[in-house]
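2 protein chains.
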Amino acid sequence: MTVPARITVITLGAHDLPALRSFYEALGWELVIPGDEFCGFATRGAVLTIFPRAELAKDAHTTEAPPNQGIAMSIAINVDEREQVDEAIAGIRAAGGTILKEPEDAFWGGRSAYWADPENNVWEVAWAPPDNAASQAVRAASGL
Amino acid sequence: MTVPARITVITLGAHDLPALRSFYEALGWELVIPGDEFCGFATRGAVLTIFPRAELAKDAHTTEAPPNQGIAMSIAINVDEREQVDEAIAGIRAAGGTILKEPEDAFWGGRSAYWADPENNVWEVAWAPPDNAASQAVRAASGL
Chain L
1 MTVPARITVI
11 TLGAHDLPAL
21 RSFYEALGWE
31 LVIPGDEFCG
41 FATRGAVLTI
51 FPRAELAKDA
61 HTTEAPPNQG
71 IAMSIAINVD
81 EREQVDEAIA
91 GIRAAGGTIL
101 KEPEDAFWGG
111 RSAYWADPEN
121 NVWEVAWAPP
131 DNAASQAVRA
141 ASGL
Chain F
1 MTVPARITVI
11 TLGAHDLPAL
21 RSFYEALGWE
31 LVIPGDEFCG
41 FATRGAVLTI
51 FPRAELAKDA
61 HTTEAPPNQG
71 IAMSIAINVD
81 EREQVDEAIA
91 GIRAAGGTIL
101 KEPEDAFWGG
111 RSAYWADPEN
121 NVWEVAWAPP
131 DNAASQAVRA
141 ASGL
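Top to bottom, those sequences are chains L and F. In case it helps, the working numbering puts the first sequence at residues 1 to 144. In case it helps, the working numbering puts the second sequence at residues 1 to 144.
These are computed hints drawn from the structure, not numbers from a lab. From the three backbone atoms N, C-alpha and C, an ideal C-beta is built for every residue, glycine too. Each hint should be verified, as a subset may be incorrect.
[To be verified] Rough simulated footprint, nothing fancy, chain F against chain L, three-plus residues with beta-carbon under 8 Å:
1) 5–16
2) 25–31
[Said to hold, decoys possible] The following label-pair restraints were derived from C-beta to C-beta distances:
3) F:Thr2 with L:Ala19: 19 to 27 Å
4) F:Pro67 with L:Asp86: 30 to 38 Å
5) F:Glu102 with L:Glu37: 20 to 28 Å
6) F:Ala133 with L:Ala106: 21 to 29 Å
7) F:Asp105 with L:Ala106: 24 to 32 Å
8) L:Glu37 with F:Glu83: 43 to 51 Å
9) L:Glu81 with F:His61: 37 to 45 Å
10) L:Ala42 with F:Gly28: 26 to 34 Å
11) F:Arg82 with L:Asp86: 23 to 31 Å
[As the list claims (entries may be wrong)] According to the in silico footprint, chain F covers these stretches of chain L (three or more CB under 8 Å from chain F):
12) 47–53
13) 62–73
14) 81–88
Bound-form chain L, shown alone:
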């Protein structure tokens, strides 16, 4: 395939890399690429990395976006059991994340919640029934 259909790394363009790194470490995530200039965590699905926003803009030959405000996209954590949505949100709250939407059952049969990290990158935590099309796509994508 000319353009491989892959999402392998998400790089957050940080204003304060060490502070953002500390937040994700407080979630209990393992830092496997340490550093103040670039860092990365051991995740499943795609890898989470953080790079200063100014450096990311230079590397990409474009300009820095203004500080995040509202939602442009979301990064999801799919969990295996319905109750893990609530457990994850409790852990995110304890680490200092901002809960945008408390866990709620959704019309499509699953359960989900939204939160933001200290630089307003927006994440979702979601559980979907195993026969849901998104669940099936997630399993095919990540091997989870």
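Got chain L sorted already, so can you dock chain F onto it with the hints?
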């Protein structure tokens, strides 16, 4: 783990979902969740889905971000061979993507390029040597 270290889905908040969906279809990506209200592609690593930005904001209990301008984060496609960076960029250009940075060898030993979709979501295509820490994290994350 209370907060599973996972990135399983990236949802782009679209201004014009059908147009953005057409662009990703033009890359040759397989649409496995069809629809004008929500759609998703069969990808490896994390799944790519598209949702109207106004609906995403409602669902997340937050506000819509203004149209994308510059770079806030990047979504990467890691490829298996150095020359696939150039092949992918040729395919992205043919589909109407905006090439921000042509393929270049990087100081860290890999090769990468950046591009934007029609709504200025910024992506990277990267190849990194197998012993690179990011390559190792990608393999652990996605099973690729």
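A quick look at each hint next to the structure:
Only residues whose beta carbon comes within less than 8 Å of a beta carbon in chain F count, and the stretch 5–16 of chain L has 9; three or more means the coverage holds. Only residues whose beta carbon comes within less than 8 Å of a beta carbon in chain F count, and the stretch 25–31 of chain L has 4; three or more means the coverage holds. One distance hint, 19 to 27 Å for the beta-carbon pair threonine 2 of chain F and alanine 19 of chain L, holds here, with the actual separation near 21 Å. For the pair proline 67 of chain F and aspartate 86 of chain L, the supplied restraint of 30 to 38 Å holds, since their beta-carbon distance comes to about 34 Å.
Roughly 24 Å separates the CB atoms of glutamate 102 of chain F and glutamate 37 of chain L, a value that falls within the hinted 20 to 28 Å. One distance hint, 21 to 29 Å for the beta-carbon pair alanine 133 of chain F and alanine 106 of chain L, is violated here, with the actual separation near 37 Å. For aspartate 105 of chain F and alanine 106 of chain L, the hinted distance range of 24 to 32 Å is not satisfied, since their beta carbons lie about 46 Å from each other. At roughly 28 Å, the beta-carbon separation of glutamate 37 of chain L and glutamate 83 of chain F lies outside the given 43 to 51 Å, and the hint is violated.
At roughly 23 Å, the beta carbons of glutamate 81 of chain L and histidine 61 of chain F sit outside the given window of 37 to 45 Å. A hinted range of 26 to 34 Å for the beta carbons of alanine 42 of chain L and glycine 28 of chain F is consistent with their spacing of about 31 Å. Between arginine 82 of chain F and aspartate 86 of chain L the C-beta distance comes to about 45 Å, which lies outside the given range of 23 to 31 Å. Given as covered by chain F, the stretch 47–53 of chain L passes the check, having 4 residues with a CB less than 8 Å from a CB of that chain where 3 are the minimum.
Evaluation of the coverage hint for the stretch 62–73 of chain L: fulfilled, as 11 residues show C-beta separations to chain F shorter than 8 Å, against a requirement of three. Coverage of the stretch 81–88 of chain L by chain F holds. Counting CB-CB distances below 8 Å, 3 residues qualify, and the rule asks for three or more.
The structure does not agree with the numbered hints 6, 7, 8, 9 and 11 stated previously, though it agrees with the rest.
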